[in-house]
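Peer 1: Please work from the sequences and hints to get the whole structure.
Okay, here's what each chain looks like letter by letter:
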Amino acid sequence: MDELNIWQIATFFVWLVGSVTFILALKFLASPKTARTGNLLGAGGMAVVIAWTFLTYDLASPESEPGMLSNWWIILVGGVIGAVAGTLGARRVPMTAMPQMVAIFNGAGGGAAAVVAIAEFLEFADHGEGLLPLPFVIASLLGAVIGGVALTGSVVAFGKLQGIVTARPYMLPGQQLITGALFLTMLLIGVYVAGFENSIPLFLVFCAIALVAGVVLTMPIGGADMPVVVSLLNSYTGIAVAASGFVLSNYALLIAGTLVGASGAILTQLMTKAMNRSLFNVLFAGFGTAGGAAAAGEEGEEQLRETNAEDVAVLMAYGKRVIIVPGYGMAVAQAQGPVRELMDLLVAKGVDVQFAIHPVAGRMPGHMNVLLAEANVPYDRLKEMDEINDDFADTDVALVIGANDVVNPSAREEGSPISGMPILNVDAAQNIVVLKRGRGTGFAGIPNPLFSNEKTAMLFGDAKPSIEALVQGVKQA
Amino acid sequence: MDELNIWQIATFFVWLVGSVTFILALKFLASPKTARTGNLLGAGGMAVVIAWTFLTYDLASPESEPGMLSNWWIILVGGVIGAVAGTLGARRVPMTAMPQMVAIFNGAGGGAAAVVAIAEFLEFADHGEGLLPLPFVIASLLGAVIGGVALTGSVVAFGKLQGIVTARPYMLPGQQLITGALFLTMLLIGVYVAGFENSIPLFLVFCAIALVAGVVLTMPIGGADMPVVVSLLNSYTGIAVAASGFVLSNYALLIAGTLVGASGAILTQLMTKAMNRSLFNVLFAGFGTAGGAAAAGEEGEEQLRETNAEDVAVLMAYGKRVIIVPGYGMAVAQAQGPVRELMDLLVAKGVDVQFAIHPVAGRMPGHMNVLLAEANVPYDRLKEMDEINDDFADTDVALVIGANDVVNPSAREEGSPISGMPILNVDAAQNIVVLKRGRGTGFAGIPNPLFSNEKTAMLFGDAKPSIEALVQGVKQA
Amino acid sequence: MELTAFELLSALFILVLAAFVGYEVVSKVPTMLHTPLMSGANAVHGVIVVGAMLVAATSEGPVRIALALIGVILGTINVVGGFVVTDRMLEMFKKRPGER
Amino acid sequence: MELTAFELLSALFILVLAAFVGYEVVSKVPTMLHTPLMSGANAVHGVIVVGAMLVAATSEGPVRIALALIGVILGTINVVGGFVVTDRMLEMFKKRPGER
Ligand SMILES: NC(=O)c1ccc[n+]([C@@H]2O[C@H](COP(=O)([O-])OP(=O)(O)OC[C@H]3O[C@@H](n4cnc5c(N)ncnc54)[C@H](OP(=O)(O)O)[C@@H]3O)[C@@H](O)[C@H]2O)c1
Ligand SMILES: NC(=O)c1ccc[n+]([C@@H]2O[C@H](COP(=O)([O-])OP(=O)(O)OC[C@H]3O[C@@H](n4cnc5c(N)ncnc54)[C@H](OP(=O)(O)O)[C@@H]3O)[C@@H](O)[C@H]2O)c1
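Protein chains in written order, with my numbering: chain W, 199 to 675; chain F, 199 to 675; chain Z, 81 to 180; chain P, 81 to 180.
One or more hints might be untrue.
[As the list claims (entries may be wrong)] No more than 20 angstroms apart at the CA atoms, straight line, and that leaves these computed lysine to aspartate or glutamate pairs for DMTMM-like:
no. : chain 1 : residue 1 : chain 2 : residue 2
1   : Z       : LYS108    : W       : GLU582
2   : F       : LYS231    : P       : GLU171
3   : P       : LYS108    : F       : GLU582
4   : P       : LYS108    : F       : GLU585
5   : W       : LYS653    : W       : ASP589
[Claimed, not checked] To give an idea of the interface, some chain Z residues facing chain F are shown, with a C-beta separation under 7 angstroms as derived from the structure:
no. : residue
6   : ALA85
7   : LEU89
8   : PHE93
9   : PHE100
Simulated from the structure, these hints should not be mistaken for laboratory data. Please read all numbers here as calculations on a predicted model, not as lab measurements. Glycine included, C-beta positions come from ideal geometry on N, C-alpha and C.
Peer 2: Next comes the structure, spelled out in structure tokens:
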């Protein structure tokens, strides 16, 4: 590398500033108090890096060429289209659809990384006399394959979460064989392109296979496991971006990509751990049939005790302490607003109301926190599992709203698919009231002995109208 | 930089391996289970880096010169002397003298960093046509000043901890003026050397002033604050080493130095926080008169209830629960062995014995843990302050062994030098027995109302014979 | 296309250190904030738009221009959408008992 | 003496990232282990002995040789003493209830 000019040196400092803001953004996310500031800081750093690149690349780019200025329009046009699409998507999406929105944004990033890798390869393979340097080709191949998998994988994840593609695990006949063949082919092409001939057509074939691989890998995973998959694909995109950073000798890309690659990997690990499963199990076990009525039946035989809203309302209104246990059903029913109202009424009557939040309640980590925060439930009422588990014993009513697996006592026994998963000790409460629509199982698709517990009463129906009925009941009590 | 040869490339990988082991060494220190492995890992990485440098610098050094091989003897001779001295010192030192040993090793590191900075500057200023590059000179100056301060500062700290130099804060007349003048002079010389003339004599004057500054800065600090100072100087040495890494373009030095610089800084912060003081207060307030009998008198007026070993032994032997609160006095008396014996006897008699460990008991963080671990006290009996503070209320005997400030209830009131420091709730126990030699105050030099509490009985005398008497007493009880 | 050994090696060091930083920083985040974290990290890798801009800057043929345009659009969606959606999620966490 | 701008800038990035790593890693260490940590970190900066070795390797005059010798001795004391003393401290922590 020749001596750097002043603009190039300044560029390094801009990258450094950007990188530090990205690190701080992730760091600040460790506490709800600082999280938002952190995100804004990261956005600010990003804006600086982008603006600087836009304004100075004719001065600073080591690859600056005369004809370049004429290409500003690409960036302006692309930037405006992207910004409008991104903002609209982000602003319009309902809170329940967050995971699929993240999946789409992640797919966009993966696609961009793949495109950059392809464009760079085309550029230099074109001019090429002799073989390109090995590190460059390897980084390009990596960027293309990982970015490609992240792109199509994210699209499938989006489809599954949105209900466009079937949410159930979909295995091709000979799934493992196909997957193996795809990756073997990519490996062979990769070795040939890197070591023998920088062939553009073969590189493009390689990219096409990567796109197919993303689909093939994601289809067999159940819809309810998608948040874990999105997190993993997020990590992949990070790695692809880091590879582009290598290719372009751009430290901002390198650091940002690596940060996300590492943090995505550990986050995925944390998520699977909270579900008491291994990543391997998530990716290859075809678990996660997206729950619901489909898997019902098994416990249909048992006699469940039904109750009605008026009785439950009275029970709560004259109790000393009520713990509300929200689950995926509350999210589906969009019942968080009425739940807030119910809480307010009970609190006004002097009842001590708390929320017990299981770490994997819902379908994404923090799902319940986000929904309840949206409904303005003060977050000092939200208790984490370890904090509240001992309090169930002197609780009058545990109100389970569309939660199932996270309160399933069979997790305490051997031999169940959820054995060993820590659960909320709802069965220690004096009275247990469960709100659900019918006899559907939870995400894990297994029967729940809690429902036939003698202390349990079922309040059937969609959670939203059920809660609204409770609100009326409490008002009259 | 010209293209690197294969040995130079390999050197980068060795540095990388070394750096990763250093990071893991610090990381593994987060848990007692992995700490030792971590330290050995760090030592292994260090050995690899050193051996590689020794074996390949004729191949890999960008500065290799023909005459070099003849200098192997310097490294061998120096290495053997250093290794023997280091091992002997480290093996022989008693556990109570750990802080001064660390101070000495740190001083050695600081000295080495200063020497390297000086040697590099001499080398290139000698050959010099025109001014040396600014970053090089700045890094050399920084290495010299920080390394120099770390060297003499550590020597003074060693002297104070070892009792060679007066432990009390020693202020020069016009202390602040002198300090200011020293640093101003260094600044002026630095600017001249860097910007106007690479003068060797001036550089040496600069180094000499740095050595003086280390002494002047450390003398006014009380002996008992030395552990904080050692930690700070440790951080300085790290920064000096990082500066050498810059000068020598050696990433292993750069990373190791920066790691230590950052971790030393945060560690210093954590230490001062545990004492509820600011770093500024530690460095400039002349606090910390090293306690002891010297500061006595103030509470001499009060009538303290004295007791004898037999009574205390009976009280404990027939109690249900005893909490032992060790402090600096236990370390001074080297009483940990007998304390273990006492614990064993009581446990054999069915008494529930726990140790309450205050975070700043003793004179270095973890001081009590180290001593008690040395005496084989199982570490599940060592409870941290927050864990045990609520248990004092139903404790029969709280046995305070040479602790003072950490059990001083005046910390709960306004206006005391230790106000706001969290303390152990010893005064909640049924009976309080305090072992100390006389009416000496603790490190903070203030009277302790606990001693005149009506529940408190004093057992005067050196802690070791006192505990031995208790052991006899319990045996007979 | 000038990647000297020194450049590659420096990049390798930066990569390893950044991976440690990412690991350490994220392992402190509580479960409650895992979804915003995922989304925030997602926004950060949107910096790839800078790479797409550099491609755009040196594009000549229609193929490369098309690629550059797609890259810039996708990258911008990632970065803008990512930060906006994260902010929306976090906005909710900011509300305090007193503030509603 | 060839410090190109690129070398310096790369070093700067490495420095900033290493500082983050040091900060994050150490803030997880419990008080109980602060003294071994201080001593372990102290041993790590003993890597300066490598710097002293490089000085020794290129030394010619008596002044530089003397400096190199002092540097190597001090550096070795730091590194050897540091790791040995830390190991001694940690040895004590390893003992478990059952093992004594
Ligand atoms: N949080 C995460 O990060 C995450 C990620 C992936 C997977 N998971 C998994 O997801 C599960 C979460 O457990 P969970 O207890 O929250 O939910 P769950 O076990 O999936 O149970 C949800 C329950 O809600 C009921 N329900 C559905 N729609 C409803 C509506 N509109 N009104 C009322 N009830 C409704 C369903 O029964 P009916 O059909 O009878 O109404 C079902 O039993 C765990 O197994 C976890 O491992 C979590
Ligand atoms: N741990 C750290 O990292 C650290 C670092 C720097 C400073 N400090 C400070 O050190 C203090 C530690 O508190 P502490 O309660 O452990 O100790 P302390 O407040 O210093 O009190 C020690 C007591 O032990 C007695 N003593 C001394 N030698 C004895 C012997 N041979 N036998 C029996 N008793 C003896 C002394 O009284 P007599 O003279 O009457 O015997 C004295 O009152 C805190 O103020 C803390 O802020 C701690």
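Peer 1: Run every hint past the structure and note whether it holds.
Peer 2: Cross-check of the supplied hints:
A threshold of 20 angstroms between alpha carbons decides the hint, and for Z:LYS108 with W:GLU582 the separation of about 16 angstroms falls inside it, so the pair holds. Simply put, F:LYS231 and P:GLU171 have alpha-carbon atoms about 10 angstroms apart, close enough for the 20 angstroms limit, and the pair holds. In summary, the hint linking P:LYS108 to F:GLU582 is supported, as the alpha carbons are separated by about 16 angstroms, within the 20 angstroms threshold. Annotation: proposed proximity of P:LYS108 to F:GLU585 holds, straight-line Cα distance about 18 angstroms (limit 20 angstroms).
The suggested pairing of W:LYS653 with W:ASP589 holds, with an alpha-carbon distance near 17 angstroms, which does not exceed 20 angstroms. About 4 angstroms separates the beta-carbon of Z:ALA85 from the nearest beta-carbon of chain F, less than 7 angstroms, and the hint is met. The closest approach between the C-beta of Z:LEU89 and any C-beta of chain F is roughly 4 angstroms, which is under the 7 angstroms cut-off, so the hint is satisfied. This hint holds: Z:PHE93 has a C-beta 6 angstroms from the nearest C-beta of chain F, less than the 7 angstroms allowed.
Annotation: Z:PHE100 was flagged as interfacial toward chain F, and the flag holds, the nearest CB pair being 6 angstroms apart, inside 7 angstroms.
In terms of the numbered hints stated before, the structure departs from none.
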